[in-house]
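Here the structure of chain A is known, so what remains is to put chain B in place on it, guided by the hints.
Protein chains: 2
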Amino acid sequence: VGPGDDCAVVDVPGRRLLLTTDALVEGVHFRLTWMTPEQIGRKAYLVNASDIAAMGGQPRYVLVSVTAPGRYAGRDLMRLNRAISAAARATGARVVGGNLTRGRTLSVTLTLIGDSPAHPVLRAGARAGDVLFVTGVLGQAARGLRQLRRDAGARGVAVERFRRPPCRLPAGALLARERIASAMIDVSDGLLQDLGHICTASGVGARIELASLPRAGDPMLALTGGEDYELLYAVPPHRLARLHALRGRLGCPMTRIGEIVPRAQGVRAIDARGRPVPVARAGFDHFAQRGPA
Amino acid sequence: VGPGDDCAVVDVPGRRLLLTTDALVEGVHFRLTWMTPEQIGRKAYLVNASDIAAMGGQPRYVLVSVTAPGRYAGRDLMRLNRAISAAARATGARVVGGNLTRGRTLSVTLTLIGDSPAHPVLRAGARAGDVLFVTGVLGQAARGLRQLRRDAGARGVAVERFRRPPCRLPAGALLARERIASAMIDVSDGLLQDLGHICTASGVGARIELASLPRAGDPMLALTGGEDYELLYAVPPHRLARLHALRGRLGCPMTRIGEIVPRAQGVRAIDARGRPVPVARAGFDHFAQRGPA
Chain A
149 VGPGDDCAVV
159 DVPGRRLLLT
169 TDALVEGVHF
179 RLTWMTPEQI
189 GRKAYLVNAS
199 DIAAMGGQPR
209 YVLVSVTAPG
219 RYAGRDLMRL
229 NRAISAAARA
239 TGARVVGGNL
249 TRGRTLSVTL
259 TLIGDSPAHP
269 VLRAGARAGD
279 VLFVTGVLGQ
289 AARGLRQLRR
299 DAGARGVAVE
309 RFRRPPCRLP
319 AGALLARERI
329 ASAMIDVSDG
339 LLQDLGHICT
349 ASGVGARIEL
359 ASLPRAGDPM
369 LALTGGEDYE
379 LLYAVPPHRL
389 ARLHALRGRL
399 GCPMTRIGEI
409 VPRAQGVRAI
419 DARGRPVPVA
429 RAGFDHFAQR
439 GPA
Chain B
149 VGPGDDCAVV
159 DVPGRRLLLT
169 TDALVEGVHF
179 RLTWMTPEQI
189 GRKAYLVNAS
199 DIAAMGGQPR
209 YVLVSVTAPG
219 RYAGRDLMRL
229 NRAISAAARA
239 TGARVVGGNL
249 TRGRTLSVTL
259 TLIGDSPAHP
269 VLRAGARAGD
279 VLFVTGVLGQ
289 AARGLRQLRR
299 DAGARGVAVE
309 RFRRPPCRLP
319 AGALLARERI
329 ASAMIDVSDG
339 LLQDLGHICT
349 ASGVGARIEL
359 ASLPRAGDPM
369 LALTGGEDYE
379 LLYAVPPHRL
389 ARLHALRGRL
399 GCPMTRIGEI
409 VPRAQGVRAI
419 DARGRPVPVA
429 RAGFDHFAQR
439 GPA
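So the protein lines, in turn, are chains A and B. Going by my numbering, the first sequence runs without a break in its numbering and finishes at 441. Going by my numbering, the second sequence runs without a break in its numbering and finishes at 441.
No lab work stands behind these hints: they were computed from the structure. Note that beta-carbon positions come from the ideal geometry of N, C-alpha and C, so glycine has one too. Fair warning: there could be bad hints in the mix.
[Claimed, not checked] Partial selection, computed: residues in chain B whose CB lies under 8 Å from chain A:
no.: 1; residue: THR168
no.: 2; residue: ASP170
no.: 3; residue: VAL176
no.: 4; residue: LEU180
no.: 5; residue: THR184
no.: 6; residue: GLN187
no.: 7; residue: GLY240
no.: 8; residue: ARG250
no.: 9; residue: THR257
no.: 10; residue: ILE261
no.: 11; residue: ALA300
no.: 12; residue: GLN341
[Unchecked claim] If you anchor each label on the Cβ, the simulated ranges turn out as follows:
no.: 13; chain 1: B; residue 1: HIS267; chain 2: A; residue 2: ARG237; range: 22 to 32 Å
no.: 14; chain 1: B; residue 1: HIS392; chain 2: A; residue 2: ARG327; range: 42 to 52 Å
no.: 15; chain 1: B; residue 1: ARG230; chain 2: A; residue 2: PRO217; range: 27 to 37 Å
no.: 16; chain 1: A; residue 1: ALA389; chain 2: B; residue 2: ARG325; range: 47 to 57 Å
no.: 17; chain 1: B; residue 1: ARG219; chain 2: A; residue 2: ARG423; range: 52 to 62 Å
no.: 18; chain 1: A; residue 1: ARG327; chain 2: B; residue 2: LEU388; range: 54 to 64 Å
no.: 19; chain 1: B; residue 1: ARG237; chain 2: A; residue 2: HIS392; range: 39 to 49 Å
no.: 20; chain 1: B; residue 1: ARG219; chain 2: A; residue 2: THR184; range: 24 to 34 Å
no.: 21; chain 1: A; residue 1: ARG237; chain 2: B; residue 2: ARG223; range: 13 to 23 Å
no.: 22; chain 1: B; residue 1: GLY301; chain 2: A; residue 2: ILE418; range: 51 to 61 Å
no.: 23; chain 1: A; residue 1: MET226; chain 2: B; residue 2: ASP299; range: 34 to 44 Å
[To be verified] Residues from chain B that keep clear of chain A, each with C-beta distances beyond 10 Å, as calculated:
no.: 24; residue: ALA156
no.: 25; residue: GLY175
no.: 26; residue: SER213
no.: 27; residue: ALA221
no.: 28; residue: ALA238
no.: 29; residue: PRO318
no.: 30; residue: HIS345
no.: 31; residue: LEU388
The following block holds chain A by itself, in its conformation from the complex (with noise of 0.2 Å):
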């Protein structure tokens, strides 16, 4: 598997390796007056370990890139390399090498190269029938942020969700290893746009009913809001006894969401009364717009 899914998948002999890229850029991701280093360095390394789980598998190395402005004071470097290497020992990984650039912003880039599991789960795998689920919450990151943007001072559960997204390692794991995902990927654009991206990859449609969406707030938000770091996952329908029988060993809630569709029907929302939802945007796009910060 190349360019395209979560993680790049590598076959060496004796053992399959899962390989992922990721950057946190001020100005762009977050502000400086928003979060602490210690914030940042373990967000750069979670959205990483975020393709890692939507593979269903288990980080073992850690590359670490900076680039950092002269102003940026060497004791914040060292607070944010140490957050890097606390959250990839808490997952079982190690930082093992990395490089200092000056530039004039902070950007964190991180590569992990992780363990995969026998059949890793892809993006591909989604059949018309399979039922979508999601792991944990949707949208609060991208409240959190909103609240950020008005106000560096803001406070409460879902700022605290943008600085610090879930680590979703045992869920994408055990979906991995029990073969009950047919196809994964975690939310980090919004779960419409995240969603799009298996359909695509597994030529299907989708169909999402916006009353289920596990959500805190705004339901466009769930539906497009970014940085969720939460894992979208197609079941067959024969795996269902299976994932309720081990939903208590995810580590974290689940719901079911939607399910997909044959490809001809597309990928829409649709309300209570079965009617589609109009939306806005589909998904945070960083590039195609200024970005969030």
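Frame of chain A; chain B shown alone:
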């Protein structure tokens, strides 16, 4: 081997891997008026491959993380990515993943995963009495950088050398496989600074003969100018005959430039009459100063 050598070395059952990451940042390492997207992409790959070469390894997989401003055209991004892929393919590696983020300046961070030789050449193996060699020519890239800073339209071999680092993978692999080098590093921050890394890691000193440096200009640039991406390596006396027998297979010139001495003698350069050469600054440190661009 963890952080602190050219690459991290990780053992997976049946295979030893090298991991390295490095970034090229606009305004720090280059200006957009100095290099085409193809040149930026190729250089981003070659500076990372240089770290693999310095361990004697072979690059296999590449992850690409690009931050680009909105004004950077999609066509230029495609040219950049194609150049990275082409440079990787030319050395037996392939791009397996990546991501794109919007940001204020262009920044290209690559992670390379490579195969390690059975005995990767570390920085820590040099012993007093070992002879020091360097591949290629020193100081030319720094001279090209100087010319570009004065005139973005500058031309000539020095400028070309700044834009296109050498690829010393065959030389590094041979020196490792034949167990000729006791310690090795790539010269990225200037000869004296990188020699200092070998000496610190090995607990030794070194003496460089200024007159012997393979250079094409200011001897100070050969000592302290950065971005050469040549290999600096130490060879024990009993391996010198083997080195000379194989030198035709290195794929590049090599020059004897000094020797490893006991730690108490420090790291210094001497002129043709054996007098110590005062050095203004010990190498190019991207972080300690404003940066070249």
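Hint check results:
no. : hint                                : in the structure
1   : THR168                              : 6 Å, holds
2   : ASP170                              : 5 Å, holds
3   : VAL176                              : 5 Å, holds
4   : LEU180                              : 14 Å, violated
5   : THR184                              : 21 Å, violated
6   : GLN187                              : 18 Å, violated
7   : GLY240                              : 14 Å, violated
8   : ARG250                              : 5 Å, holds
9   : THR257                              : 4 Å, holds
10  : ILE261                              : 7 Å, holds
11  : ALA300                              : 19 Å, violated
12  : GLN341                              : 14 Å, violated
13  : HIS267(B) <-> ARG237(A): 22 to 32 Å : 29 Å, holds
14  : HIS392(B) <-> ARG327(A): 42 to 52 Å : 59 Å, violated
15  : ARG230(B) <-> PRO217(A): 27 to 37 Å : 31 Å, holds
16  : ALA389(A) <-> ARG325(B): 47 to 57 Å : 55 Å, holds
17  : ARG219(B) <-> ARG423(A): 52 to 62 Å : 42 Å, violated
18  : ARG327(A) <-> LEU388(B): 54 to 64 Å : 58 Å, holds
19  : ARG237(B) <-> HIS392(A): 39 to 49 Å : 47 Å, holds
20  : ARG219(B) <-> THR184(A): 24 to 34 Å : 32 Å, holds
21  : ARG237(A) <-> ARG223(B): 13 to 23 Å : 43 Å, violated
22  : GLY301(B) <-> ILE418(A): 51 to 61 Å : 60 Å, holds
23  : MET226(A) <-> ASP299(B): 34 to 44 Å : 40 Å, holds
24  : ALA156                              : 3 Å, violated
25  : GLY175                              : 6 Å, violated
26  : SER213                              : 5 Å, violated
27  : ALA221                              : 13 Å, holds
28  : ALA238                              : 18 Å, holds
29  : PRO318                              : 22 Å, holds
30  : HIS345                              : 13 Å, holds
31  : LEU388                              : 32 Å, holds
Hints 4, 5, 6, 7, 11, 12, 14, 17, 21, 24, 25 and 26 from the list above are not met by this structure, while the remaining hints are.
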